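*Asks:* Sequence:
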Amino acid sequence: MDFKQVQPNHGQPGQVRYRLIVSDGTHYQQAMLATQLNVLINEGQITEHGLICLEEFICNEVQGRKIVIILRCHVVSPSLGYRVGDPVEYGKAAGGNGGMQGGQPAYGQQPQQAPALNTMAGASVPYKPAGSSSAGSSNGGAYPPYNAGGAAGGYRALSGPVVRAGPPQSIIPINDLNPYINRWVIKARVTSKTDIKRWSNAKGEGTLFSVDLLDEFDGEIRATFFKEACEKFYPLLEQGHVYTFSGGKLKPAQRQYSSIRNNYETTFDTNSEIMEVMDDHKIQSAVYSFKKIGELEETPPNATIDVIGVVKAFSPLSTITTKKDGREVEKRELTLCDDTGTEVRLTVWGERASKQPEQWENHPIVAFKGVKVSDYNGRSLGTMPGSQVTVSPDLPEALHLHNWWHSAGATAASTSISSGGGGGGGGGGFADRKVLSQIKEEQLGFGEKPDYMDVKATLTYIKSDPDPWYRSCTSPDCKRKVTEQLNSYFCEKCQREMPECAYRYILTVSGTDHSGSVYLSCFDEHANILLGKSAEELNSFKASDMQARYDATFQEATFGTHILRLRVKAEQVNDEQRVKSVFLQKFSASGVLAAMVTNELTIIKPDDFHHHFRDGDALKSVVPLVASRFRRAIAMPNLKPPITTVTQAVAYRERILASLPAGAIFTPLMTLYLTDRTTADEIYAARASGIVYAVKLYPAGATTNSDSGVTDMQAIRPALKAMAEVGMPLLVHSEVTDADVDVFHREAAFIVRILQPLVDENPDLKVVMEHITTSEGVDFVMACGSNVAATITPQHLMYNRNAIFQGGLQPHVYCLPVLKHERHRQALLGAIASGSSKFFLGTDSAPHPQTAKESTSGCAGCFSAFAGLELYAEVFESIGALDKFEAFTSKNGAAFYGLADNTEKLTLQRKAWRVPMTYPLGQDTVVVPLRAGQEMAWSVKQG
Numbered sequence: 001m002d003f004k005q006v007q008p009n010h011g012q013p014g015q016v017r018y019r020l021i022v023s024d025g026t027h028y029q030q031a032m033l034a035t036q037l038n039v040l041i042n043e044g045q046i047t048e049h050g051l052i053c054l055e056e057f058i059c060n061e062v063q064g065r066k067i068v069i070i071l072r073c074h075v076v077s078p079s080l081g082y083r084v085g086d087p088v089e090y091g092k093a094a095g096g097n098g099g100m101q102g103g104q105p106a107y108g109q110q111p112q113q114a115p116a117l118n119t120m121a122g123a124s125v126p127y128k129p130a131g132s133s134s135a136g137s138s139n140g141g142a143y144p145p146y147n148a149g150g151a152a153g154g155y156r157a158l159s160g161p162v163v164r165a166g167p168p169q170s171i172i173p174i175n176d177l178n179p180y181i182n183r184w185v186i187k188a189r190v191t192s193k194t195d196i197k198r199w200s201n202a203k204g205e206g207t208l209f210s211v212d213l214l215d216e217f218d219g220e221i222r223a224t225f226f227k228e229a230c231e232k233f234y235p236l237l238e239q240g241h242v243y244t245f246s247g248g249k250l251k252p253a254q255r256q257y258s259s260i261r262n263n264y265e266t267t268f269d270t271n272s273e274i275m276e277v278m279d280d281h282k283i284q285s286a287v288y289s290f291k292k293i294g295e296l297e298e299t300p301p302n303a304t305i306d307v308i309g310v311v312k313a314f315s316p317l318s319t320i321t322t323k324k325d326g327r328e329v330e331k332r333e334l335t336l337c338d339d340t341g342t343e344v345r346l347t348v349w350g351e352r353a354s355k356q357p358e359q360w361e362n363h364p365i366v367a368f369k370g371v372k373v374s375d376y377n378g379r380s381l382g383t384m385p386g387s388q389v390t391v392s393p394d395l396p397e398a399l400h401l402h403n404w405w406h407s408a409g410a411t412a413a414s415t416s417i418s419s420g421g422g423g424g425g426g427g428g429g430f431a432d433r434k435v436l437s438q439i440k441e442e443q444l445g446f447g448e449k450p451d452y453m454d455v456k457a458t459l460t461y462i463k464s465d466p467d468p469w470y471r472s473c474t475s476p477d478c479k480r481k482v483t484e485q486l487n488s489y490f491c492e493k494c495q496r497e498m499p500e501c502a503y504r505y506i507l508t509v510s511g512t513d514h515s516g517s518v519y520l521s522c523f524d525e526h527a528n529i530l531l532g533k534s535a536e537e538l539n540s541f542k543a544s545d546m547q548a549r550y551d552a553t554f555q556e557a558t559f560g561t562h563i564l565r566l567r568v569k570a571e572q573v574n575d576e577q578r579v580k581s582v583f584l585q586k587f588s589a590s591g592v593l594a595a596m597v598t599n600e601l602t603i604i605k606p607d608d609f610h611h612h613f614r615d616g617d618a619l620k621s622v623v624p625l626v627a628s629r630f631r632r633a634i635a636m637p638n639l640k641p642p643i644t645t646v647t648q649a650v651a652y653r654e655r656i657l658a659s660l661p662a663g664a665i666f667t668p669l670m671t672l673y674l675t676d677r678t679t680a681d682e683i684y685a686a687r688a689s690g691i692v693y694a695v696k697l698y699p700a701g702a703t704t705n706s707d708s709g710v711t712d713m714q715a716i717r718p719a720l721k722a723m724a725e726v727g728m729p730l731l732v733h734s735e736v737t738d739a740d741v742d743v744f745h746r747e748a749a750f751i752v753r754i755l756q757p758l759v760d761e762n763p764d765l766k767v768v769m770e771h772i773t774t775s776e777g778v779d780f781v782m783a784c785g786s787n788v789a790a791t792i793t794p795q796h797l798m799y800n801r802n803a804i805f806q807g808g809l810q811p812h813v814y815c816l817p818v819l820k821h822e823r824h825r826q827a828l829l830g831a832i833a834s835g836s837s838k839f840f841l842g843t844d845s846a847p848h849p850q851t852a853k854e855s856t857s858g859c860a861g862c863f864s865a866f867a868g869l870e871l872y873a874e875v876f877e878s879i880g881a882l883d884k885f886e887a888f889t890s891k892n893g894a895a896f897y898g899l900a901d902n903t904e905k906l907t908l909q910r911k912a913w914r915v916p917m918t919y920p921l922g923q924d925t926v927v928v929p930l931r932a933g934q935e936m937a938w939s940v941k942q943g
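In case it helps, my numbering puts the sequence shown at residues 1 to 943.
No lab work stands behind these hints: they were computed from the structure.
Because the structure is a prediction, the values reported are computed rather than measured.
Here a beta-carbon is modelled for each residue, glycine too, at the ideal position from N, C-alpha and C.
Treat the hints loosely; a few may be bogus.
Using C-beta positions, here's what the derived DEER-type ranges look like [claimed, not checked]:
no., residue 1, residue 2, range
1, F805, V16, 55 to 61 Å
2, G240, E877, 29 to 35 Å
3, E537, D269, 31 to 37 Å
With a Cα cut of at most 20 Å, we get these calculated DMTMM-like pairs of lysine to aspartate or glutamate [what the hints assert, rightly or not]:
no., residue 1, residue 2
4, K569, E330
5, K372, D195
6, K479, E361
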C-alpha cells in the first residue's frame, strides 16, 4: 500500500531500511524489508499498489507492536494503480495492537473503488504465488508459481510447535554451525533415516534414531533423537523431505560411525522446532564422494566411504545370530565391480537385505553412501545403520558405469580384493577357478567367515522327491516356514494366520567335475533360474496328476554344465561339523551370466502415447500400420483446422476408426488442441465425453501446424485448473520459439521459463513432457513428482544431430524438437535403462509426403509407424536393457494415464528384413520411412 525510508541510526551510515504497509485486501500490517532486498525498491520493482509474494518472513514484536520482517519475496506485478479492497488494520480487527494508530488506512490514503481481479480462484483478493527460485527476483515477467498449499511461505508445521518470540533468525548453512552459535535454524533434506534402536547402559535405557541432513550448500550433519524426542519426531520425519530445524545442540561428531563430513553432530529434544517446508529442489537428494573400488586396498580399515558399482552377483538372504543379545540379523552379500577391473564383496545388513531381492537382478548400478571398510581377508565393505543405498541413481557416474558394463565390462575379467571373491558375476577368469576337490583339500569353510569359489561343474543329479520345497509365509518380507492348521496356515514370526501359503525351494543337487562330486544346496531364487519353473508351478503339477511334466522339468535341467558360484561354510549338525556348499549363482561356460539368447520377445501389446495419424486419404495408409503394433494410441490434434472442441474430436475419431482393416482391434485416444481461448467448460465436456484423454499444448509456431497454439500462458490458467480438477493430462511440446534462443537450446529454455513455473503453479496437474531430447529434460522429469512423466521417440534414442548432415542434408531425420548432441542422447538411453516408470513410448511418428520433405523448406517429422516397436527393440537390445522393454512400451504409459494394461499379447521375433524405400501415403503420394533401405533385426510375428 505504501512504503517509506527509515533513516539510519546515528553513527551507522549506509544502514538504510524501508518500512512497508502490506495488505492482502482484507487487512493491512506494518512490515520491514530486510536490507538485502533494498534493491527491489531502489530499482523500482516494488512500487505503491504493486503485488509481491512473501516467501520467507518472521512476525516479531517490537515495543509492544507486531511487525512483519520480510526476509525473502518476489514481485508478482508492478503497480495496479489502485488499492485492492477496503482493508482494515490487522491488529484492530483482531482486538490487539497491529502496530499502527487508528483505524484509517496508513498515510492518509482514502479507499478507492477497484475493479475485480481475475484470479484463478475467482476470489476478490490478489493472486499470491509462491516458490520463486531466487530471493528478490522479479521473475522477469515469467509465469509465476502458485501456492496451492495455502500455508504462508510454503511452510507446514509437523506437530504444531509454538513459534518463539524473539529476534528474527536467518537460515544458516550447515557448514557454518559451531558451538559458539547459541540459536540457529538450518533448512535441510533428510537423506537417510535409521530404524529406532533400543539402548541400555549404566545411566538407563531408552530409544533413539538418527537422520542425516543435507542443505543447499552441500553441508551435511547427523542428527539424533533420544527417548521422548524419538517418539515425537520419528513418525513425522520422512526420508527425502525438506524441513527447517532449530533448537538443536551441537557436540563433536563420532566419525567412526558416520560418513558425514562434519566435525559436529547435533541432537534434538522435545522442545526443538522442526517444520516441513516446500521442496524447491535446491537441495540435492545426496552428495557423494565416490572412491573407486581399485583404490580400496590403499584405504585404511574402518574408514567410512562412498562407492558406486555394478552388482555382478548376489547371494541368497541369510541370517546370523548376534553374540551380544542373541538377535537374528539378516544379510545379503553383493559382488560389486567398476571400470577399474576390480571387484569387492559388500554386505548389506538388516531390512535392506531382505526387501525387494529382485532389485539386485540384471546387474543394476548401485550407489552406496557411508559404508565401512573392513580388512578381514583382504578388503570388504558393509553397510551401517545410517548408510544410504540407491539403486539405479540418476548420476553421471551411474551412466558412465552403465555404458562401460554393456560395452566391455560384462565380459571382462576382474580382480577380486575380497577373500574368496572369485570372479563375481562373470564367473572369474580361468585362473581364478577351483575344482570341487579343493573344498576338502584346502579345508574351505572352516574359517570364521564363509569361503567363496567358482567351479565349472556338471549337475548330475537334482533331487525331486520328496517335495524339494517348503510351505512359506506369504509376506514378501518373511520367508519362514508356516504351520498347517485345519483350514489355514500360521506364521510364528509374523504371528498371523493366512488362508494360503507360498512355496519356496530348498533344492539339493549334485555337482561333478573331473576331481569329484559334492552335494550343493540351492535356494528359491536360484532354483527358479535352474529349473525354469517356480515351486508353486511344480506343486500344481503334482496336485493335478501331471507327473510327466513334473519329472520332465528336472530331467531337462540335469546334466547341464555351468560355471557355479559357491558359498562354503562348515556347520554343526548333531555334534558333527559338516561342510555345506550353497549354490549362489549360475553362469554360462563363457563366464557371462547365464541368459538365453533372446530370439523372441512376447509382451503385453503396447500403446503409442504420441502419434500423428494425419487426415483424409492418409488415414487409410497410416491407421493399419499403427493398429498392427499398438492396441491404443494418442492421436495428436494438430490438423488443419486443429481439433479444439469435443465435437471435432468425436468426428476425427470416427474417421480413424473407419480406416481400420476388418477385424482389427484398436482404440484411438483423442486429444484437444489447447489455445488461448480454450475454456474450462470445454475441459469438463472433454472429460465427460469418455473419448478425450488429454490436451496438447503447442507454443505458437513451435512445430507443424502449431500456428494456433498458446501465446499467453496467463490465458490458459482456467483450463489448466479444470484439467487438474478432472485429472486430464497436459501434453507439452517443450520448446520456446523466441528468436534469441538457439534451436538446440529451446527445450532447456522452455523448462526454465515455462514448464517449471507451470508445474509449480499446478501441483495436481498431470504433465507429459512430450518427446524429450536433452539431459535437462531427463533431469527435470526425474526431479518432479509422480504427476510429471515423459515420452521418448525412437529417433532421439538412435541418432544425434550429426545424422542430419551425414552425406549431405538428410531431410528424413529432421524433426522437431531437432536431434541433439550425443551427450543428450546418452542421457535418454540412461533414462530408459534406469527402468523408471516416468518414461514411456511415444513414437511421434509424423508422415509427410516425400515432396514436402525433400524441398527448399522441408517439413519436420520422422515416419516410424511401419516399425516403431521394432526400432525401440533394437535400441533396448543395444544397451542390454531388454528386461526393461515391456514396462517402457506397455505398462508405464498406461499407468500414468490411469488405463488398465492391455489383455492382448504381441511377439517380436529376431528375423531380419529390409525397410522399403517408400510407403504409400494416401492415393497419390508416398512417404519415406525412417531407416529407408536399411535392414531391421526384429519383426512382429504374425498369427
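*Asks:* In ascending order, which of the hints set out earlier in this document are inconsistent with the structure?
*Replies:* Structure breaks hint 3 only.
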